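Chemist: Chain by chain, the residues:
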Amino acid sequence: MTPQDRAARLARIGIALTVVALLGLGGVYLRAFAFTPVEVNQGAAQKIFYVHVPAAWSALMSISITGLLSILYLWLKDRRIDLAAAASAEVGVAFGAVMLTTGPIWGKPIWGTWWTWDARLTSTLFLFLLFVGYLVLRGVLTDPGLRGRFSAVIGIMGLVLVPFIHLTVYLFRTLHPAPIILKPSAPSLPREMLVTLMLSLGVFTVLYLGFVMQRYALGLLHEFREEELARDAG
Amino acid sequence: MTPDNAGFMVAAYVVAAAILVAYAGSLVARLRGVRRPGPAGPGEDR
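Residue numbers (our numbering), protein chains in the order written: chain A, 1 to 234; chain B, 1001 to 1046.
Think of the hints as simulated: they come from the structure by calculation, not from any bench. Treat the numbers as computed from the prediction; the structure is a model and nothing was measured. Mixed in with the good hints, there may be bad ones.
Okay, the calculated beta carbon distance ranges per label pair [unchecked claim]: (1) Ala1022/B / Gly133/A: 48 to 54 Å; (2) Ser1026/B / Pro3/A: 20 to 26 Å; (3) Gly1033/B / Val132/A: 19 to 25 Å.
Coverage of chain A stretches by chain B, computed from C-beta distances (three or more under 8 Å per stretch; other residues unrestricted) [claimed, not checked]: (4) 13-27; (5) 48-59; (6) 169-180; (7) 213-224.
Even for Gly, the Cβ is constructed at its ideal location relative to N, Cα and C.
Could you put the whole structure together from the sequences, leaning on the hints where they help?
Modeler: In structure tokens:
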């Protein structure tokens, strides 16, 4: 089996996982709408929680994995690691877009405003824009070594920001609520809500895997094609 | 009294699904494009 065939197979597995995850997302929507109780104080808008929190989880996981792969790339200088880091970064931006759109839609009916420049929201937006910059940078740099090194530095900056973003709700006065799952004590949610959230977290994690596999395969196939074109031209 | 704000919930779910499905579609389209013969565009999928 040629490397191209392996990349194509990875892409097919990624597509299959994505289809399964999108069907699972439909199931999560159904459970959230019809089989999860409405929270008394916030009303139906509280159910945005079941997409907003998993999207935030997936975005921060993607960016953390990009950061770890960036460290590994600077150490080992393997271009496949750089491609994997870039794949995770792009997927992180997609999940970040979900997080940053569903958050304000939830904020408006509950806080009375779409947006506030508090520490949690501002630092999250900064991280998102940093990774948009990461993708733009990769698009304009033609030298693979330079592209890998520069983007790895941004990837590591993102990794450093992730724990800071998690702690902003404890360090600063913010409208954003403190975590109800990722905290030292037990999750403070009724069981039915917790099950819906866990299902959604699982579906988003599978979606992350499906997206990253496809995006990594895409990077590999693109490199193979560039090498072929260079050989033909030479 | 529980507030009536289901419209916000529906909007958030629609927006989330639209972004995720659009991204999934873009990946499939780019994978098809990269297998097609011919030179790649500048800055594509690096």
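Chemist: Against the structure shown, which of the earlier numbered hints fail to hold, in ascending order?
Modeler: Numbers 1, 6, in rising order.
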